[in-house]
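Chain by chain, the residues:
There are 2 protein chains.
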Amino acid sequence: MPQEFTQFASQCRARVDNVLDQYLPLAQDPTQLRAAMRYSLFNGGKRVRPILAYAAALAIKPGINLNLIDPIAASLECLHSYSLVHDDLPAMDDDDLRRGKPTCHIAFTEATAILAGDGLQTLAFDLLTTTDLPAATQIKLVRQLAQGSGVDGMVLGQAIDLAAVDHQLNLAQLETMHRHKTGALIRASVAMGAISAGADDKQLAALDNYASAIGLAFQVQDDILDVTGDTTTLGKQQGADIARNKPTYVSLLGLDAAKTKADELHRQALGALGMFDESAAPLRQLASYIVQRSN
Amino acid sequence: MPQEFTQFASQCRARVDNVLDQYLPLAQDPTQLRAAMRYSLFNGGKRVRPILAYAAALAIKPGINLNLIDPIAASLECLHSYSLVHDDLPAMDDDDLRRGKPTCHIAFTEATAILAGDGLQTLAFDLLTTTDLPAATQIKLVRQLAQGSGVDGMVLGQAIDLAAVDHQLNLAQLETMHRHKTGALIRASVAMGAISAGADDKQLAALDNYASAIGLAFQVQDDILDVTGDTTTLGKQQGADIARNKPTYVSLLGLDAAKTKADELHRQALGALGMFDESAAPLRQLASYIVQRSN
Numbered sequence: 001m002p003q004e005f006t007q008f009a010s011q012c013r014a015r016v017d018n019v020l021d022q023y024l025p026l027a028q029d030p031t032q033l034r035a036a037m038r039y040s041l042f043n044g045g046k047r048v049r050p051i052l053a054y055a056a057a058l059a060i061k062p063g064i065n066l067n068l069i070d071p072i073a074a075s076l077e078c079l080h081s082y083s084l085v086h087d088d089l090p091a092m093d094d095d096d097l098r099r100g101k102p103t104c105h106i107a108f109t110e111a112t113a114i115l116a117g118d119g120l121q122t123l124a125f126d127l128l129t130t131t132d133l134p135a136a137t138q139i140k141l142v143r144q145l146a147q148g149s150g151v152d153g154m155v156l157g158q159a160i161d162l163a164a165v166d167h168q169l170n171l172a173q174l175e176t177m178h179r180h181k182t183g184a185l186i187r188a189s190v191a192m193g194a195i196s197a198g199a200d201d202k203q204l205a206a207l208d209n210y211a212s213a214i215g216l217a218f219q220v221q222d223d224i225l226d227v228t229g230d231t232t233t234l235g236k237q238q239g240a241d242i243a244r245n246k247p248t249y250v251s252l253l254g255l256d257a258a259k260t261k262a263d264e265l266h267r268q269a270l271g272a273l274g275m276f277d278e279s280a281a282p283l284r285q286l287a288s289y290i291v292q293r294s295n
Numbered sequence: 001m002p003q004e005f006t007q008f009a010s011q012c013r014a015r016v017d018n019v020l021d022q023y024l025p026l027a028q029d030p031t032q033l034r035a036a037m038r039y040s041l042f043n044g045g046k047r048v049r050p051i052l053a054y055a056a057a058l059a060i061k062p063g064i065n066l067n068l069i070d071p072i073a074a075s076l077e078c079l080h081s082y083s084l085v086h087d088d089l090p091a092m093d094d095d096d097l098r099r100g101k102p103t104c105h106i107a108f109t110e111a112t113a114i115l116a117g118d119g120l121q122t123l124a125f126d127l128l129t130t131t132d133l134p135a136a137t138q139i140k141l142v143r144q145l146a147q148g149s150g151v152d153g154m155v156l157g158q159a160i161d162l163a164a165v166d167h168q169l170n171l172a173q174l175e176t177m178h179r180h181k182t183g184a185l186i187r188a189s190v191a192m193g194a195i196s197a198g199a200d201d202k203q204l205a206a207l208d209n210y211a212s213a214i215g216l217a218f219q220v221q222d223d224i225l226d227v228t229g230d231t232t233t234l235g236k237q238q239g240a241d242i243a244r245n246k247p248t249y250v251s252l253l254g255l256d257a258a259k260t261k262a263d264e265l266h267r268q269a270l271g272a273l274g275m276f277d278e279s280a281a282p283l284r285q286l287a288s289y290i291v292q293r294s295n
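If you're matching them up, the sequences are chains A and B in order.
First residue of the first sequence? That's 1 in the numbering used here, and the numbers climb one at a time after it.
First residue of the second sequence? That's 1 in the numbering used here, and the numbers climb one at a time after it.
It is worth saying that the hints were derived from the structure and are not from the lab.
Check each hint, because a few of them may be wrong.
As the list claims (entries may be wrong) - List of simulated lysine-lysine pairs, DSBU-like, C-alpha gap at most 35 angstroms:
hint	chain 1	residue 1	chain 2	residue 2
1	B	259	B	202
2	B	259	B	61
3	A	61	B	140
4	A	101	A	202
5	B	61	B	140
6	B	202	B	101
7	B	61	A	140
8	B	101	B	61
9	A	101	A	259
10	A	202	A	61
11	A	259	A	46
12	A	140	A	202
13	A	140	B	202
14	A	140	A	61
15	B	46	B	61
16	B	202	B	46
17	A	202	B	140
18	A	61	A	259
19	A	140	B	140
20	A	140	B	46
21	A	46	B	140
Said to hold, decoys possible - Taking CB as the label site, the calculated pair distances span:
hint	chain 1	residue 1	chain 2	residue 2	range
22	A	245	B	25	27 to 35 angstroms
23	B	171	A	7	55 to 63 angstroms
24	A	97	B	245	28 to 36 angstroms
25	A	255	B	35	46 to 54 angstroms
26	A	288	B	25	58 to 66 angstroms
27	B	274	A	109	56 to 64 angstroms
28	B	25	A	263	51 to 59 angstroms
29	A	271	B	25	50 to 58 angstroms
Computed from a predicted model, the values in this text were never measured in an experiment.
Just so you know, even glycine gets a beta-carbon here, dropped at the ideal spot from N, CA and C.
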């Protein structure tokens with residue numbers, strides 16, 4: 001990764017962590033609810049969705065005050081974090097390890113993990129009401145987040161994923177699952193950053209193509225890492241998806257074709273940014289990061 | 001109940017059911033996610049929160065077009081319904097029966113119930129973006145809902161409730177739990193109806209006193225019904241809270257003093273409505289309904 005991007009990503013992570021820390025302080029709470037929420041938020045996440053929101057805003061309006069985007073970035077991370085906490089639950093994927101640490105329901109209790117996830121989702125919407133953007137823009141953001149994460153988006157994707165365990169999916173079905181499960185929120189992240197910076201419809205359409213491509217690329221790379229990564233770097237059991245008999249790009253296409261697919265999606269993402277100048281450099285670098293990352 | 005109120009409540013229920021049915025149609029969905037969400041929404045609920053929102057709006061602006069309130073009413077019911085689905089889960093209250101029917105995780109699967117609850121919460125926020133109200137008002141509604149249902153509201157209440165099982169709570173602690181677990185969303189329901197109708201701060205403060213009192217009255221009556229009701233009418237096991245060793249108003253105060261407490265809260269609620277004329281009749285009747293209901 002170019003050093004420039006590493007610095008940009010670190011800066012984004014510091015910003016979003018700061019907002020999350022301020023908006024969800026560890027108040028006195030005998031129930032451990034806040035502790036569980038914070039545990040799940042501050043767990044070494046890559047903050048891909050926040051970075052996407054910042055980068056998209058900068059692509060539209062290079063000099064934008066990033067304070068405007070901070071609550072949106074934090075909101076996206078809360079939403080993402082809630083989805084991980086619930087996905088890890090015994091009744092769902094039943095994962096004990098996330099980013100190298102015990103999952104929320106292992107570190108706390110199952111009930112606390114359910115409630116922490118619930119509270120994180122609520123917090124995601126709450127945060128969207130704290131920006132200094134015009135109310136009409138704020139409502140658009142609420143709508144984007146709800147549509148990306150709801151019954152036609154992320155939640156549906158997780159339901160498709162669960163229904164797919166021990167079933168054969170073809171490539172089209174696998175793609176439908178991922179477009180909902182991870183793609184919808186990634187598209188919302190880019191759209192929300194761009195809308196906050198005043199993007200027009202043409203710009204939004206181009207960025208949506210970009211987001212669709214990297215959303216899928218992200219997942220293909222995840223499937224590749226499930227096979228080629230090592231448990232320590234991944235922070236989760238290598239080979240877990242294969243062992244669980246979950247369909248993956250690698251199981252359907254083979255490793256080489258999966259790598260080719262990731263490269264194609266990477267090119268497609270860069271192609272979608274054709275109308276943008278140097279202001280879209282962080283988005284371009286992020287696309288590269290997504291297919292080159294090792295965890 | 002006066003026939004007038006019965007009719008008003010029926011009209012409100014029909015309105016909210018219609019919005020929910022239209023906004024969450026039973027589309028083709030092999031995952032059963034939508035089916036589980038609809039199952040939980042259309043399960044014979046009393047629709048108290050929607051009725052509160054309509055009644056509060058009418059108290060502020062007697063001739064208001066109730067179409068403006070419909071999405072808010074539906075939103076409140078989605079939020080409430082999600083909380084019930086998650087509360088009933090095995091890791092939480094582990095209830096098999098809700099309103100006389102199998103709970104969501106029994107009728108479907110535990111994973112589907114978790115996701116259905118998640119999707120219902122998202123839908124609640126989504127619906128708030130569909131009103132014909134000014135964007136600034138819509139954002140206020142999002143904020144009210146988030147604050148009432150989040151980590152300082154309903155979700156915290158549920159966490160306190162879980163932590164209280166097998167522990168002795170005193171009356172103040174029990175009240176704190178209920179003020180969060182059910183009170184916060186009931187207050188939000190009243191506030192959201194009133195805000196939509198353009199309430200001023202003085203009106204909001206009076207209505208909030210009303211809502212606090214009936215929120216607690218609702219809970220006291222629940223505890224009374226847990227002892228005096230019968231399983232068929234209640235739609236859940238009579239005596240379940242006592243059996244589970246949960247602290248209740250009846251277990252702490254005794255049955256007679258609990259009844260006196262409900263009456264006091266009823267009077268307090270009516271007193272808070274002193275500044276309102278006949279336009280607040282539905283709110284007054286609702287307060288009576290809450291302490292006189294048998295299920």
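Now for the hints, and whether the structure bears them out:
{"no.": "1", "hint": "B/259 - B/202", "in the structure": "31 angstroms, holds"}
{"no.": "2", "hint": "B/259 - B/61", "in the structure": "34 angstroms, holds"}
{"no.": "3", "hint": "A/61 - B/140", "in the structure": "28 angstroms, holds"}
{"no.": "4", "hint": "A/101 - A/202", "in the structure": "42 angstroms, violated"}
{"no.": "5", "hint": "B/61 - B/140", "in the structure": "18 angstroms, holds"}
{"no.": "6", "hint": "B/202 - B/101", "in the structure": "42 angstroms, violated"}
{"no.": "7", "hint": "B/61 - A/140", "in the structure": "28 angstroms, holds"}
{"no.": "8", "hint": "B/101 - B/61", "in the structure": "38 angstroms, violated"}
{"no.": "9", "hint": "A/101 - A/259", "in the structure": "28 angstroms, holds"}
{"no.": "10", "hint": "A/202 - A/61", "in the structure": "15 angstroms, holds"}
{"no.": "11", "hint": "A/259 - A/46", "in the structure": "22 angstroms, holds"}
{"no.": "12", "hint": "A/140 - A/202", "in the structure": "17 angstroms, holds"}
{"no.": "13", "hint": "A/140 - B/202", "in the structure": "30 angstroms, holds"}
{"no.": "14", "hint": "A/140 - A/61", "in the structure": "18 angstroms, holds"}
{"no.": "15", "hint": "B/46 - B/61", "in the structure": "24 angstroms, holds"}
{"no.": "16", "hint": "B/202 - B/46", "in the structure": "29 angstroms, holds"}
{"no.": "17", "hint": "A/202 - B/140", "in the structure": "30 angstroms, holds"}
{"no.": "18", "hint": "A/61 - A/259", "in the structure": "34 angstroms, holds"}
{"no.": "19", "hint": "A/140 - B/140", "in the structure": "14 angstroms, holds"}
{"no.": "20", "hint": "A/140 - B/46", "in the structure": "32 angstroms, holds"}
{"no.": "21", "hint": "A/46 - B/140", "in the structure": "32 angstroms, holds"}
{"no.": "22", "hint": "A/245 - B/25: 27 to 35 angstroms", "in the structure": "33 angstroms, holds"}
{"no.": "23", "hint": "B/171 - A/7: 55 to 63 angstroms", "in the structure": "56 angstroms, holds"}
{"no.": "24", "hint": "A/97 - B/245: 28 to 36 angstroms", "in the structure": "35 angstroms, holds"}
{"no.": "25", "hint": "A/255 - B/35: 46 to 54 angstroms", "in the structure": "38 angstroms, violated"}
{"no.": "26", "hint": "A/288 - B/25: 58 to 66 angstroms", "in the structure": "41 angstroms, violated"}
{"no.": "27", "hint": "B/274 - A/109: 56 to 64 angstroms", "in the structure": "46 angstroms, violated"}
{"no.": "28", "hint": "B/25 - A/263: 51 to 59 angstroms", "in the structure": "40 angstroms, violated"}
{"no.": "29", "hint": "A/271 - B/25: 50 to 58 angstroms", "in the structure": "37 angstroms, violated"}
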